[in-house]
Every structure is written in structure tokens, then in C-alpha cells.
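Enquirer: With these hints in hand, go ahead and build the complete structure from the sequences.
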Amino acid sequence: MTRKEVFDEVLNIIGPFAVNKEALEGANEQTNILTGLKVNSARLVDIILDFEDKFEIEIDDDAADEIQTLGDAVDKILEIKG
Amino acid sequence: MNVTRQVGRLTYIRLGTQSFLSRLVLPLFYPAYILLLRYALAYRIPELREVRRGIREELGRDKRPLLICPNHLTMIDSVILMWAISPWWRAFWDARFFPWNTPEKRNYTHIPVLRFVTYLSKCVSVVRQAPKDQTAKFLAKLRTLLLNGQSLMIFPEGTRSRDGRVDTKNFAYGAGKLVDDLKRLGAQPRVLCVYLRGLRQNTYSTIPRKGETFYLDYQVLEPESSHRGLRAQREISRQIVHTLAEMEQAFFTGAHRLKRHVQGLRLQQ
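Listed in order, the protein sequences are those of chains V and Y.
Take 1 as the starting number for the first sequence in this note's numbering and just add one per residue.
Take 1 as the starting number for the second sequence in this note's numbering and just add one per residue.
You may find that some hints are simply not true.
Unchecked claim - Stretch by stretch, here's where chain Y covers chain V in the computed footprint (C-beta under 8 Å, at least three residues):
#1 32–41
#2 45–51
#3 61–70
Keep in mind that the hints were calculated from the coordinates and are not lab data.
C-beta: ideal position from N, C-alpha, C; glycine also.
Expert: What follows is the structure, given as C-alpha cells:
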């Protein structure tokens, strides 16, 4: 998968959880998931698990904690997928 | 580090000191709470003795880590529940019946008298969406307390139920994380799910109405998950919240064991 494809898929997964729909439309790799998209922190766990299911990877707790922005999520997914 | 001590020596001593002082002032604080609840606010819990005995029998003498997970409708739920689950003298002798609480720091620490009262009421403040290291230290404190025979009251929904019903969709996973962490440490935690509701309580509020009569139901759970990590935390949290939702369903459909009693109370009102 290319970086662009992963980014688009990440956006698709996060979309339903984002409260700030305006920020979602103009989102880029620097957009913060919690403060920018206003995703509830408890839902971040659901998002990580959706990443695992969609990309068939396993993200451990420490790696999950490092994900702050959409770019972090893409980096982590690509890193784990190898 | 000792498994039962998940924090540094200084924090461990501080928690022990807070626990000791809280217990020391309990014979003063508890009656003050009761005066407020029973007489100033005229609250009633029918079958209080039966409820307390039932909970005591369910828990037995087992000193495994205990999380008390209630539904959440008002800001004083934890005080009402403390009254509901135990008389002061039992709370004094058995730490499981005098649970720790985790109020949001921003709600009270700017008021000195509240800071004083909450300190002596076994409260450890939580900061929502705190930095990772701060959250880790906070969770380590809770694990330490639970591994040392203390109990913890934590609202699994994470906030008061905005529509007055247990939120089975947007709940937090903190309770599940704690249970999962404790299991990984080799402990076998139990969860006392408690459903508390004023009969005139339609939605969430700051405090229940004056003269309110409360319905209370409970169930002891030993949550299990075949998963690990985040998935286990979610599954365990889901089990807890769904147990509360089932008790709520029983309340509204009248399918609970106190059916006749509650109907009687409604008729009286």
C-alpha cells in the first residue's frame, strides 16, 4: 500500500469518530486526532483496534500511545506492515 | 520492585498516610455525610440492611482486588453509595467497604475546603486527557491501592449518563484497563457492579431531588477476556457496562427482585 492509500484509509476509519467535521475535511498528516479532530480519547482505542483489523497488524499499547497525529498513525502502520 | 507496590517509595508512603488519616476521621466524616443525606436531603434507601448484607455476603472475606463500578447520574453518587454499601464501623474495619474515588482534579482542587475533605475521603484526583506519563503514574497508584486490599470506586461510563440511561456505546475503557492490568500482574480482581437510581431521577443532575427514594441493585462480576491488550480492555469494560445496562433494564421493566417494593414506593409517591 502507498502512503496516500494508508492515509485515506486512516481518514475513513477516524471519520465516524471525529466531532470536528470541518477539520476532517481539511485534514492532513499534521492534524492532531484528539485536539484537531476532537475525537473522544476513549474512542482512540476503538480507532487503534479498527486499524488492526483493517491493516491486519498488531499495535501494542506503547506504540498506540505514540499516535497523536494522522501522520503518526500512517507512520506506525507502515512501520508495522514493513 | 514488589508487585504490590507499583509506585515509588514516597508515593507509597503518601498513599498509606492518606489511607490511615481517612480511616482515622471516618467516625467523624461518615456521620456528617449521613446527617446530610438522611436528614438535610431526606434521602431514603429502602431495605438498606438487606442491601448491605447481600453485598457483604457476595463479597465474602475474599481480599482480592475489588473495583466498585456504579452507573453515574449525579455528582454525589459516590457519597450515596458509600452510605448504601456499609455502616461506618464496617468501613472503618474493612477497607473494601471504604473505597477510594477518582474525582476530576479541575472540579475541586481550587477550593481548599474541598481539597481537604476529598483528601480525607480517600480521593486521588484524575486529570482527563493528561500527558501519557502522568496517566501512567495515576494508574500505578490505583493498581497499588487495589493490590494492597483497598477497593476503588470507578464510574465505567466515564461521565454522568447524559440521557439518564447507561451509555452502552460511548463508555470509557478505564475500568477494563485496570482489570486487565491487575490480571497481568497475577491478581484476580472482582467487580461489584452497582445500579443506583432515584425513583424520580429522569436524567443526570448535580444532586438527586430532596426527599428522593433510591433503588439499588448489585452484581459481582469476574470479567474475562480471551484477548489481550486494548481489545481485552474494551471487552472487559463492555462486560461491566452491559451488566449495569441489564440491571437498568430490569429496573425499567420491573423484572428485578425488588419489583413489588419499587412499585409500592411509586404508588406512595
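Enquirer: Next step is simple, just say for each hint if it's right about the structure.
Expert: Right, here's what the structure says about each hint:
1. 32–41: Result for this restraint: holds, n = 3.
2. 45–51: holds (count 4)
3. 61–70: With 3 residues close enough to chain Y, the hint holds.
Going down the numbered hints, you'll see the structure goes against none, and every one checks out.
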